[in-house]
Structures are given as C-alpha cells and as structure tokens.
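Once you've looked at the hints, dock chain B against the given chain A.
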Amino acid sequence: MPAGHAIKKQMLAYAMIFPAMFFFTLYLVFPFAKSLQMSLYDYDGVGKLERFVGFGNFAKGFGDLRFYEAMSNNLILMIAEMTISMSIAFLLAYFLFRGVFAWKWFNVVLFLPYIIPLAVSAVIWTLIFEPTIGMLNQLLEAAGLASWRQVWLGDPHTSLFSVILVWIWRTIPFNMLILLGSLLKIPKDLIEASKIDGCTGIRTVWHIILPLMLPTIMLLSIISIANDFRSFDIVWIMTQGGPIGSTEIASTLVYKIGFQENHYGYANAIAIMVFVVVTALVGAIGLIIRRANGQNERSER
Amino acid sequence: MAKRSIMTLVVALFALTSLYPLIWVVLQSLKTDADFFANQWSLPEIFIWDNYRTAWEQANFATYYKNTLMVTLISLVGGVAVCVVAGYAFGKMDFVGRKTLQVMFALVLFVPSPVLLLPVFFINRDLGLLNTYAGMIGPYICSIVPMGVLLMRSSFASLPNELGESAKIDGCGELRTFYNILLPLTLPTIATLCILQFIGVWSEYMWAFISNSSPHMYTIAVGMAQMASKKYAYGFGPVFAGMVITSVVVIAVYVLLQKYFVQALSEGAVKG
Chain A
1 MPAGHAIKKQ MLAYAMIFPA MFFFTLYLVF PFAKSLQMSL YDYDGVGKLE
51 RFVGFGNFAK GFGDLRFYEA MSNNLILMIA EMTISMSIAF LLAYFLFRGV
101 FAWKWFNVVL FLPYIIPLAV SAVIWTLIFE PTIGMLNQLL EAAGLASWRQ
151 VWLGDPHTSL FSVILVWIWR TIPFNMLILL GSLLKIPKDL IEASKIDGCT
201 GIRTVWHIIL PLMLPTIMLL SIISIANDFR SFDIVWIMTQ GGPIGSTEIA
251 STLVYKIGFQ ENHYGYANAI AIMVFVVVTA LVGAIGLIIR RANGQNERSE
301 R
Chain B
1 MAKRSIMTLV VALFALTSLY PLIWVVLQSL KTDADFFANQ WSLPEIFIWD
51 NYRTAWEQAN FATYYKNTLM VTLISLVGGV AVCVVAGYAF GKMDFVGRKT
101 LQVMFALVLF VPSPVLLLPV FFINRDLGLL NTYAGMIGPY ICSIVPMGVL
151 LMRSSFASLP NELGESAKID GCGELRTFYN ILLPLTLPTI ATLCILQFIG
201 VWSEYMWAFI SNSSPHMYTI AVGMAQMASK KYAYGFGPVF AGMVITSVVV
251 IAVYVLLQKY FVQALSEGAV KG
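If you read the sequences in order, they're chains A and B.
Going by the working numbering, the residue at position 285 of the first sequence is 285; the numbering climbs one at a time, nothing skipped.
Going by the working numbering, the residue at position 220 of the second sequence is 220; the numbering climbs one at a time, nothing skipped.
Next up, chain A with everything else stripped away, as it sits in the complex:
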C-alpha cells in the first residue's frame, strides 16, 4: 500500500472518531481536569479562580462530620441494595427460570419500577409515605397496626430506611434481568445431572447454580456500586437529604455544598474524595474477580 494512501486512511479514521472525541473531551476529560483544579481553590462561583488553598479543602473534608455521615448513609444504601435487592432479585429470577404460571406476563410487570422515570417513583413514594393521607399508614391502620404508623420521611429514625426501601424497589428489576440472563445460560444437563445425583432444589442452587453465576454477581456488584453512588433524584425529591442529614448521600452533599452554600472548591474536593472511595471499592471487587478466576484456572488444571 502506498504511504500516501495509508496516511489518507488514518486521517479518515481520525475524522470519524472526531465527533465522539469532541464530546468526550469537552464533557468528560476536561471537566475531570477542571474538577481537580477547582478542588485546590476557595471559590464562591463568581469571577475567576483566585484564592489558592492547596490541599486545604481536602484537609477540611477529612475533618467534616457531614462527609462521614453522607458516606456512611451511602454505604448503608449500597450494602442494602447489594444484599436485599440482589437476594430478592435472585429469588424472583430463579422462580421465573423454574417456570411460574404466566411468566411472560410477570416478566413485563416486574420490570415496570425500572422503566418509569426515577423522579416519578420518588414522587409516588413520597405520597405513599405521607403521614396522614399516605397509603402506607392507611394500610397499617386497616391491618390493625395503628401503632406502627410513622412520619416515615420526616423522622430521622425512619427516613433512611424509607429511602432505601424505594431504592430496593427500584433496583430489583434490573438485578433480576441480569441474573435471569445468567441463569438461562447455565447448561441444562448440569442441573439435570445434579438432580440424578440426588441434589434437592436448594442444594442444586447452592452447589451448582450460584458458583456458576459468580462472575455475573460480581459484575452486577460493580454496576451496583457505581449506580448507588450516582443516585441523586430519589433522595433529592423525597427528603433533600434531611431531616437533619439523616438521608444525606454523596451526591446531595456535593450539590448542597456547591449550589446552595456556594463553596464550589470545597464541593469539588468532596466529590473527588467520593470518587476515590468508589474507585477503591470497584478495584477491590475487580481484584476478587481476578483471584476467583485465577483459582478456577488452577483447579481446572
């Protein structure tokens, strides 16, 4: 191939990736760099970046109780999602896999919470949790459990629980979808063989199905972590992080420190600290996957 032609082909390739690279650079690479830069300044959002404070914002973040509170709420949300939501999702996926009546119909309906816009779900559940007219308290009263009624979102003791409940409701369908996809890929004869060997249903799940699904579960964990730390709509619309910070999560804290209190440099520093924690969590799970894969290979040999 003549050199001129090869260069022309390279230019064409660059021309084809240019639009994607343009948006990628303008709204991902550049903001990331800008975020690092802004985190080193004290900036109230007016004029240019002038008051350089070095790592002062980070030092302040390490001593800020609100940061720890938001991280701990976010971690509780994450753990609840990864344990409760995934377990229920697995149960439902397994039942669908084993074949329930009208499973096609259920497949469509079970997925609805994931389809409707999160902002709508947040408003629906705010109304369900409403203390006087809300469906939940009315249900409890009708069931003779009037003493269980709560000011669900207004009481710091129940607010985080209520938000997590909605988040679980929202995340079950997606987890179920991915787990069901993985279940369907398991070779049928493996399951048949375990039955012939005398394995009962639960033992088949524990010894055959779960180990085979481990890679999917790990992948789902990584996706979950990323999504749990991305969530903003649900908390912002339901409680705005309140009452008294009881439902504050990473994204709402960053929003508040930035847009409400006008400490944009400090908010960026907090955002970067959150980013580091999330990356560490994802990295840890990535390591576990590698380990597990390594062991599998060794045992196969």
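In short, the hints are calculated from the structure, not lab data.
It cannot be assumed that every hint is accurate.
20 Å max Cα-Cα, derived SDA-like pairs, lysine to any residue [unchecked claim]:
#  : chain 1 : residue 1 : chain 2 : residue 2
1  : B       : K259      : A       : W105
2  : A       : K8        : B       : E174
3  : B       : K3        : A       : T200
4  : A       : K8        : B       : L175
5  : A       : K48       : B       : D126
6  : A       : K104      : B       : K3
7  : B       : K92       : A       : A6
8  : A       : K104      : B       : S266
9  : A       : K34       : B       : I210
10 : A       : K9        : B       : G91
11 : B       : K230      : A       : G154
12 : B       : K99       : A       : V29
13 : A       : K60       : A       : D44
14 : B       : K168      : A       : L12
15 : B       : K99       : A       : T25
Quick list of simulated restraints, FRET-style, between CB atoms [claimed, not checked]:
#  : chain 1 : residue 1 : chain 2 : residue 2 : range
16 : B       : Y133      : A       : L210      : 40 to 50 Å
17 : A       : A280      : B       : A191      : 29 to 39 Å
18 : A       : I84       : B       : Y20       : 13 to 23 Å
19 : A       : K104      : B       : A191      : 16 to 26 Å
20 : B       : E165      : A       : L219      : 32 to 42 Å
21 : A       : L36       : B       : L109      : 17 to 27 Å
22 : B       : A134      : A       : A146      : 52 to 62 Å
23 : B       : R125      : A       : V29       : 15 to 25 Å
24 : A       : I84       : B       : A106      : 27 to 37 Å
25 : B       : A134      : A       : L210      : 46 to 56 Å
This structure is a prediction, so every number in the text was calculated from the model and none was measured.
Glycine included, every Cβ here is placed at the ideal spot set by N, Cα and C.
Relative to chain A, chain B alone:
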C-alpha cells in the same frame, strides 16, 4: 404443581408491589381531591379529565413536553450517530492511539456523576449554555459515548473482514463500504443504543435540574418534581396527572418494544 403454584404466588405478590403504585397513580389522577382524601382505594365515581387539563395548561406541561421531546430527539440521533461513526473507525480501521483510547473509554464508564456535576456546570456557564437546549444535549450525547462506542466497536469488529474487502474490490470506497455494506448489519446494536439513550435522556433529572434555572427550559421530569413540591397550590389531582403524563411515553415504548428493551439493558450492562 403445588410447588409451581407457590412460586407463582410469591412472584405475583412482588408483581403487585410493582404494579399497584402505578395503578394507584392513574386512579387518583382521575379523581377530585375531595374524592382522593375521602377514599384512595376506590375507583373514581366519575372520571375527571380536568386534572390533565390543569397539568397541561396551568402547570406548563405543554412546554415541558416540547422541551423533553426536542432534547431527547436531538440527543438520541446525535449521540447514536456519533457512536456509530466512531465505532466503525475503532472496529474496522487501524490508527495510532486506537488501543489507548479504547482503554480510556472503558475506564470512564464508572466515574460517578457527582464528580463531573460542578465542573460541567461551570464549563457550560462560561460557554453561555445554561438554560439552553445545547447545554443539555451536549452532556447527554457525551453520556452515551463511552459505552456506545465500545458496543458499536465490538459489533463492527465481529463482522468478517472479507465483507468489506470484497466490496472494496468491487470499487466501493471506505465510506461507501461502511454505509452500504457494514452499517445495515449492525442495526440490532444501533437499536440497543437508541433504546438506552431514549430511556436515559427522557427520564434524566439531575442535570436538567441543575442546568436550567428558567422554568421555560424544564424537562418533564424536572417540571413534574417541581409541581409535586407545590402540590398544595395545584391540588393533588394535577400532580397525579403530571406523573401519568411523564411516564406514559416511556411505558408505551417499553410495552411495545419489550423484547428489545430487555435485550438492550442486559447488553448495555454485560458488554458495556
């Protein structure tokens, strides 16, 4: 048989918790507020469509709808086109820096959005893009780029090279080979991208909320949430109607394209 019935019962219970809140919303949207306060479990005695008119006209849902339609349409067409073209270059052409860029795309898939929220806001402020469609569309297009390019790349790369080569021998240039021969074969992946981008942009709340201070620029997700926070001014009925208006398009698309939807979401997660 007994086992199967028990399993069905459990699944049905969960299906009820998925479905009932939505039915509840539709029912209340057709009632007067007095009716709603009196008994929220009953069917509406007479169907009241006024709530929808209030939401559409007084609460500006007509404007929000127009904004959302425009922004979603442009972000969808633009975002997918950008990914398709770049995906072809990554999958079927060789250029310096290809591998590095690919790794970069894979790495940024898990950057949590709070990190980018503030800097993107200031970038758009300095560009004068706050309260504009362009200010929403740019970041939305960017949001599909890393995953979209990777999905399109693997879709193009999986096509046999002979296809393109024989077309070139027949005298097709690089661009015509791309457009006429290979592009039609990647349509399933393109459909996946369209669905992901549609549901992502139509429902997006955080960026639309931060980027627009002017109510004229709100998308329906933001407008609906704002209206819900003023439910005592508008009344509950219109708020319920607003929620139906916001969700109905997404649900309709989902029910129509259910099979593709499920495939799109699992592909987006597993391959992306």
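Hints violated by the structure (numbers, ascending): none
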